[in-house]
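*Asks:* Okay, here's what each chain looks like letter by letter:
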Amino acid sequence: MRIRGLFPFRRYTLPGFIILLLLIALVLMSLRVKQRKGVEFLDALMMELCSPFQKGSTFVIKTVQGVFEEYIFLIHLQRENGMLKQKVIELQQENHLMREIALSNERFQKLLEFREKISSTVIAAEVIGQDPSSWFKSLTINKGEKDKVQKGMAVISPEGAVGQILKTAPHHSTVLLITDYNSAIDTIVQRTRAKAIVEGKGENQCQLKYLLRTEEVAIGDIVVTSGLNGNFPKGLMVGEIRKVERVSQGSFQYAELVPSVDLTKLEEVLIIIESSLPPQEEKGKKVKKTPGGSRKGK
Amino acid sequence: MRRIAVPLLLGILFITLQTTLLASPPIQRIRPDIVLILTLYLGLSYPPISGGILAFVMGYLMDLFSGNSFGLYTFSRPLLFYVAQLFNGRFYLEGYPSQFLFVFLFALVEGILDLILLTALNPTPLGNLYPLLFSFHLPLSVFTGLITPILFLLFNKGSLLLFSQPEMGTKERG
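Residue numbers (numbering that gives the first Met the number 0), protein chains in the order written: chain A, 0 to 297; chain B, 0 to 173.
A hint or two may mislead.
Footprint (simulated), chain B over chain A, 3 or more residues, beta carbon under 8 Å [unchecked claim]: (1) 20 to 26; (2) 78 to 87; (3) 124 to 138; (4) 143 to 154.
Chain A is faced by these chain B residues, among others (derived, beta-carbon under 7 Å) [stated by the list, open to error]: (5) LEU9; (6) ILE14; (7) THR15; (8) GLN17; (9) THR19; (10) ILE48; (11) MET61; (12) PHE64; (13) ASN67; (14) GLY70; (15) GLU93; (16) GLY94; (17) SER97; (18) ILE115; (19) LEU137; (20) LEU139.
Keep in mind the hints are simulated off the structure, nothing from the lab.
Beta carbons are placed, not taken as given, at the ideal position from N, Cα and C, and that holds for glycine.
Throw the hints in and build the complete structure from the sequences for me.
*Replies:* Shown next, in the form of structure tokens:
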């Protein structure tokens, strides 16, 4: 007699397996919804296993792109060379002028100091992949827990806010972009100092919520981080208002903004590591709070 | 073992392509979901247990590399795999139009399922997602369907080369 024949519930094995598999998926989903985090060890392990493929693929794509740009498209090199020489002369003149202005300008000096302050607390990371799904907006970067990256840390670029660390593995992390529906950042309108929350709207767009009707905002206004959240430093550019809607009723008005960073073309980002680090005595307690600090639903 | 390892490696390769090459700006909006095509192909040609596990793992990897923190694809991919199994042998799926229609409908259904789950699971309402179903997900489903015949053809040829039998039959267990 075959061994399979001895098993009394053989005919129920397949439906049972299907139910079990879907049940595991539902339990995982339930865990994630409840705790706003996954099975951390498994997530980190899988990410570590798969990220080298992403890194390799990005390298191949960049290399092929480089070959095309450097060798195949050299047909217009001579003409381009002449144009570039002219441009260099123009830029040199402009550069001298800028240096003079920079030396005599106090505000620029303050800005430089601010930049130096920021650079001492940030680490650079390379973007190695983007979100595989159509509903969500995220990036995979090549820095992780070994580089002191923690969940909830702010990710920025020289142009402004990019997002926050969502998941971490030893050498890689996932960044939730500010355009994702689950992203929310505390901000202020630069001109009027009106407070609002910037939420993701997908498609490289965000929306301003909880902006009081009494506040004066206009198209073209710049929105910056308020610094209240703790993750993002104060005054970091988030975007520019493109649409304002004042409904006849209610306490709030609605506005849409375009992020200052082109999130579809990001190649390198900066992670602010210092402002997210909790004081030594409260480390354990605060680390748990940080990840969802400015994620919706917390 | 080879029947598990090959599609698993192919799945990882497809996720890598989907997060790198296919995510580049010119085709980002119409980026086809090639991992979904592979899952559905497995649904039509793989046994329920090993295929189900493969669909589960690929869904898990999709969740891992996306901003989705709920684990939607870990649930939806095995579900789609088993629904696809129901179609095996019942519909004519050899022709290009039928393959296109099959995957297009599945992509659309998955989009709706994800949207329902997202709305249900998110603590704050996500009203602005619904218009995206038509403006964003519909063209994406069309393009996913359009490249299906090419990928199905490649999968069939690959199966023929590797396993000497392109369709392994759904009656086989495990």
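*Asks:* Against the structure shown, which of the earlier numbered hints fail to hold, in ascending order?
*Replies:* Failing hints, ascending: 2, 4, 5, 15, 16, 17, 18 and 19.
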